[in-house]
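Asks: Note that the protein sequences, when read in sequence, are chains A and B.
For the first sequence, our numbering gives the first residue as 1, with consecutive numbering after it.
For the second sequence, our numbering gives the first residue as 1001, with consecutive numbering after it.
Just so you know, the hints here were simulated from the structure itself, not pulled from any lab data.
Treat the numbers as computed from the prediction; the structure is a model and nothing was measured.
There could be a bad hint or two in this list.
Below, simulated DSBU-like cross-link-like pairs (lysine-lysine); rule was C-alpha separation at most 35 Å, straight line [what the hints assert, rightly or not]:
(1) LYS341(A) x LYS331(A)
(2) LYS1023(B) x LYS229(A)
(3) LYS303(A) x LYS274(A)
(4) LYS199(A) x LYS151(A)
(5) LYS341(A) x LYS303(A)
(6) LYS199(A) x LYS1128(B)
(7) LYS199(A) x LYS410(A)
(8) LYS1128(B) x LYS247(A)
(9) LYS198(A) x LYS332(A)
(10) LYS364(A) x LYS331(A)
(11) LYS274(A) x LYS1128(B)
(12) LYS341(A) x LYS247(A)
(13) LYS151(A) x LYS300(A)
(14) LYS215(A) x LYS1023(B)
(15) LYS300(A) x LYS1023(B)
(16) LYS1128(B) x LYS272(A)
(17) LYS1128(B) x LYS341(A)
(18) LYS215(A) x LYS151(A)
(19) LYS151(A) x LYS196(A)
(20) LYS1128(B) x LYS198(A)
(21) LYS331(A) x LYS229(A)
(22) LYS198(A) x LYS300(A)
(23) LYS196(A) x LYS410(A)
(24) LYS332(A) x LYS410(A)
(25) LYS196(A) x LYS215(A)
(26) LYS247(A) x LYS272(A)
(27) LYS332(A) x LYS300(A)
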Amino acid sequence: MKRTHRVNMALVAGTAVVAMVMAACSSSGTPSSSSGSSASASSSSAALTASAPGITATTITIGSHQPLTGVAAPGYDEIAPASNAYFQYVNAHGGIYGRKIVYKYLNDQYNPSITATVVHQLVLQDNVYAIFNGLGTPTHLAVAPFLNSQKVPDVFVASGCECWNAPSTWPYTYGWQLDYIREGKILGQYIEQHFKGKKIGYFYQDDEFGQDGIKGLGYEIPRTQVVAKESYNPANVNVGPQVAALKAAGAQVVISFSVPAFTALLQLTSLKLKFAPQLAVSDVGSDPITLGGLLAAFGKNKKLSALTQGIITDGYLPSLGSSNSWITLFKKIHAQYLPAKIPFDGNVAYGMAAAYTFVQAMFKAGRNPTRQDLLNAINGGLPQGPSVAPYAYSATDHNGITGAYIAIIKNGALVPQGPVLVTDTSPSGAITRFSTPQPPAPASGIPSS
Amino acid sequence: MTLARHAAAALLLAVVLLILSIKLGPFRDFQLAEVAAYVTAVAGLTYLIGLSGQVSLGNGALMAIGAYAAALLLLHLHWPLELIFVASAVFAAVAGGIIGIAAARLRGPYLAGATLFLAVALPSVADKYAGVFGGDQGLTLAITTPSWLGVTFPPERWLAWITCAAALITLVLLANLSRSRIGRSWRALRDNEIAASLSGLNVARMQVLAFVVSAACAGLGGALIAVVTEIVSPGAFTLTLSISLLTAAILGGLGSLAGAVWGSLVLVFVPTYVQDVATSHGLSSAASSNVPIAAYGVVLIIVMIVFPSGIQGGLRRLLGPVAPAASAPFNVWRRHAPASENQEEGTT
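Pulled out of the complex, with its shape left as it was, chain B reads as follows:
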């Protein structure tokens, strides 16, 4: 029932995107493809934080795993794209599982710190084994549009199609997961771990599962970005990317798939738009190249002040009755409350 409803919504969205991709110019199609790739990665992260209550600063590195897996499979084994996407997600999921097992022992900022190491350390693996990963300059791939589309078909539209399809399938699967027993268990342990475990939930296993799911999404997102930009290099998967993913998830509204879309739109469009405006208003290049970074920060601060529960939460508040999920961001941290209060009681 839920599956059918989600599938129908996705189908409707697919039709809209199809028309959009034909109406838009090639560069907008390219941006659409970028957004779709980020949506995939951000959606996984927003569930990890918003539903299971764990923070990861390492999802950029998991994207790198997916991206390198995709590049190597394409270059050496010439697999078809759909298989490559699945395999990249699996590779990253395995890595995510291993991290998840370690991470399930950690809480809050300690967990964030532990995942941080991944974001910092992983890119240098590519330099260390330059023979396999191409070192600093990475691996270049060429994506060809299938012949049945004809030679004049814009390659950017094809990219937009495959990335949007992958993103939509991911979103449908995630939406169902949220409504399932697993989603409910995540919420239970997010809100109160002790209560959840008293109700018979295996807290650690659920937390690892959340890591696996978010890693699979990140891996797929990485593979999509690799296909869109046609290059995989360590410079693309720095700590900045991990933090951008986190800010996109927070901006959009934690725990919300629609929020992941808003966050990704901001991530892709705000910098380009602001730089264009800055340049066309005759700002010097030193200023105009820094303005997008500042603008991103300003947008983040304003959204946090005006819509503490993210863009999607804000929209919900403006447009309709308050949905329970709207307060999700603060629920994330609420589970730390008992611990911190206990500590303070202990000290006094």
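So here's chain A without its partners, still in its complex pose:
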């Protein structure tokens, strides 16, 4: 009897251990949480009032759902801390009309069920003014209907799904980053022009992200030139069969709509199979610092990070290696507000750029904004900010950034190839050169009111 008891306890303890391992944490470093300081700036003119849920005389509380632990956390868990760093910078320099931003981002582990719970908490219990930069297509789809039924502004979703542009069904939801259809068109045109007659293979994630990208590519690349279309499921890390199929089809150029981990797997598997096509990777899967780190970690060899060399990609934010005023500003805020554990990479620039856009919209929404004022501000269009191309925002278009430049990765940084290109999401919409130079970052680092 005693023996069985021990077996029982071992089984129970084993289950407990498994449970904890399953929920294994994989977050890297993040800074201290947002400061909900009560110190109010001395108001200059009209009194600051509690004009909407989440807005008091001294604070603006916004919320977000982010993958801080779990499979999607590596890399993406830097985005919200980076946004928060920018908000802290704004708070330290007078806030938004004197109000400080309190950014409460909760961990949804990239699980749509948990997203629903944490967003209900943010809206119903914490009374946030808006949901900002909620991350992920499947996760955010779980809450977009709820946010719209509750009339909560759902701004600048961190996903390039074209689905956020639905002003008639989801008037409160706005995209931000370059959507994958536009991105596919811009990448596709470059490949079509520079690799005429070459055999092209597609490698893509089998969901809205990859499918939208392939759709955009298909608008530009002749069907006859495409010799293989191979998709992967993010739950299965063995991409050997797909790479073998691309090789067997004789693909000379492979265009990949993949997340960083799968770009790395594609490259390492290709290396193993002695398959060396020209690689073109979408923006989300090609951040050289993230990708280089993954290549070195997966391949257990630091030299493998050099595989990023020569990848064709695109960028809608200025290249991190450039002396662009926006990058200088973000580097300064990174050094001041983020711990050294978080490198200055594409994720950090992304988080800060999105945060800047939110501050821009809030200044435009006015001194004592209602929720509708924020929508009106965005619907009226926002001036171009950290992105190289203008926004599409209008009452009938809730897409964000409309274009990007083509770049080649050299020595761990994007080297732009040619001008910024802008386009729309339609099959026949032209891809045009956007020659207006990007306005520099304001000297204060804060958008003007």
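Fit chain B to the known structure of chain A by using the hints.
Replies: The following block gives chain B in isolation, referenced to the frame of chain A:
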């Protein structure tokens, strides 16, 4: 007689929940609805393990079957909710029956291993047939509150009502089942399969039946979760969910319906509460996002040490005379004792 007593208790509980749902804010109502959904699924699992003595790591996948069935019926056929709930339970029960037939041949860890495959494999079916199941991003549904409640009625309260009603009905049915011939048969075969079969019980059939019942509960629980969160996606029904259900059942006290309620309360409230405390105490987000996971583990370990028979068992021990069911968790495994002892005798 028993039915009347259980029904009266449920009615009393229903009144309490009704008042609670009106007093509580919308977010608490939402959590109440989540708890009710989990109670339904955990109650089925706790009976499977605590009464019939079989372990399943696949009940999260059975919840997925119920949830997808509910979503598809709602989106394509626009069935009323009560019919959808019944149909989801039936769908999952059929799946549970098939698994049960296979599982009745297996014991202990082998059975757990066999059900594990379900939890691992099933979510990828949604990716494989993305046209039907919506792939990785799943299916979104919209639940509207009935018009007779008025436009200003908080939708979360309505969700709390329907989920609590479904959970209470499930609990009454399960309580009766436990007191019936079937419940007694399960206990008999849990305690000693050989003795049970010598007494004329069809062991295999009873074990399959236990699987069917627990699958039906899981299916209903899945449908309820689908309605509450308004989305069904593979990411919500991973192996982690199956293990959470198991830990909730163990935490609460195996074989006890009240235990299922305690376990579900821990499952829903501990992570939110701990994260709030962690954030308000100024912990960095890297720490505060990991604290709930650690806290859940700590709670599990402490309960297992202090109350080896779960929260409900512990309460029974503290508050009253020791009820026979309080030692249920160890009875579960006891039936393996003869087998393991035989093996050891064989080797020496």
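Asks: Decide, hint by hint, whether the structure agrees.
Replies: Against the structure, the hints:
1. With a CA separation close to 14 Å, the supplied pair LYS341(A) and LYS331(A) stays within the 35 Å bound.
2. Restraint check for LYS1023(B) and LYS229(A): the C-alpha separation of about 56 Å exceeds 35 Å, so the hint is violated.
3. Straight-line distance between C-alpha atoms of LYS303(A) and LYS274(A) comes to about 17 Å, which keeps the hinted pair within the 35 Å bound.
4. Distance check on the hinted pair: LYS199(A) and LYS151(A) sit about 49 Å apart at the alpha-carbon level, beyond 35 Å; violated.
5. Restraint check for LYS341(A) and LYS303(A): the C-alpha separation of about 22 Å stays at or below 35 Å, so the hint holds.
6. Annotation: proposed proximity of LYS199(A) to LYS1128(B) holds, straight-line Cα distance about 28 Å (limit 35 Å).
7. Our distance criterion of 35 Å between C-alpha atoms is met by LYS199(A) and LYS410(A), whose separation comes to about 24 Å.
8. Taking the CA atoms of LYS1128(B) and LYS247(A), the gap is about 24 Å. The hint holds against a cut of 35 Å.
9. In summary, the hint linking LYS198(A) to LYS332(A) is not supported, as the alpha carbons are separated by about 44 Å, beyond the 35 Å threshold.
10. About 26 Å separates the Cα atoms of LYS364(A) and LYS331(A), which keeps this hinted pair within 35 Å; it holds.
11. Of the pairs offered as hints, the one joining LYS274(A) and LYS1128(B) holds, with about 30 Å between alpha carbons and a cut-off of 35 Å not exceeded.
12. Between LYS341(A) and LYS247(A), the direct Cα distance comes to roughly 39 Å. Violation of the 35 Å bound is thereby established for this hinted pair.
13. Pair hint LYS151(A) plus LYS300(A) does not hold up; C-alpha atoms about 49 Å apart against a cutoff of 35 Å.
14. For the hint linking LYS215(A) to LYS1023(B), the alpha-carbon distance of about 51 Å lies beyond 35 Å, and the restraint is violated.
15. Restraint check for LYS300(A) and LYS1023(B): the C-alpha separation of about 57 Å exceeds 35 Å, so the hint is violated.
16. For the hint linking LYS1128(B) to LYS272(A), the alpha-carbon distance of about 27 Å falls within 35 Å, and the restraint holds.
17. With a C-alpha separation of about 39 Å, the suggested pairing of LYS1128(B) with LYS341(A) is violated against the 35 Å cut-off.
18. Note on LYS215(A) and LYS151(A): the hinted pairing holds, with a Cα-Cα distance of about 32 Å set against a maximum of 35 Å.
19. Between LYS151(A) and LYS196(A) the CA atoms are separated by roughly 49 Å; this puts the pair beyond 35 Å, and the hint is violated.
20. Only pairs whose Cα atoms come within 35 Å are accepted, and LYS1128(B) paired with LYS198(A) is accepted, the gap being roughly 31 Å.
21. Under the criterion of a C-alpha separation no larger than 35 Å, the hint pairing LYS331(A) with LYS229(A) is inconsistent with the structure, at around 39 Å.
22. Simply put, LYS198(A) and LYS300(A) have alpha-carbon atoms about 33 Å apart, close enough for the 35 Å limit, and the pair holds.
23. A hinted pair counts as satisfied when its Cα atoms are at most 35 Å apart, and LYS196(A) with LYS410(A) qualifies at roughly 23 Å.
24. For the suggested pair LYS332(A) and LYS410(A), the alpha carbons sit about 24 Å apart, so the restraint of at most 35 Å is met.
25. For the hint pairing LYS196(A) with LYS215(A), the CA-to-CA distance comes to about 20 Å; that is within 35 Å, so the pair holds.
26. The suggested pairing of LYS247(A) with LYS272(A) holds, with an alpha-carbon distance near 12 Å, which does not exceed 35 Å.
27. For the suggested pair LYS332(A) and LYS300(A), the alpha carbons sit about 33 Å apart, so the restraint of at most 35 Å is met.
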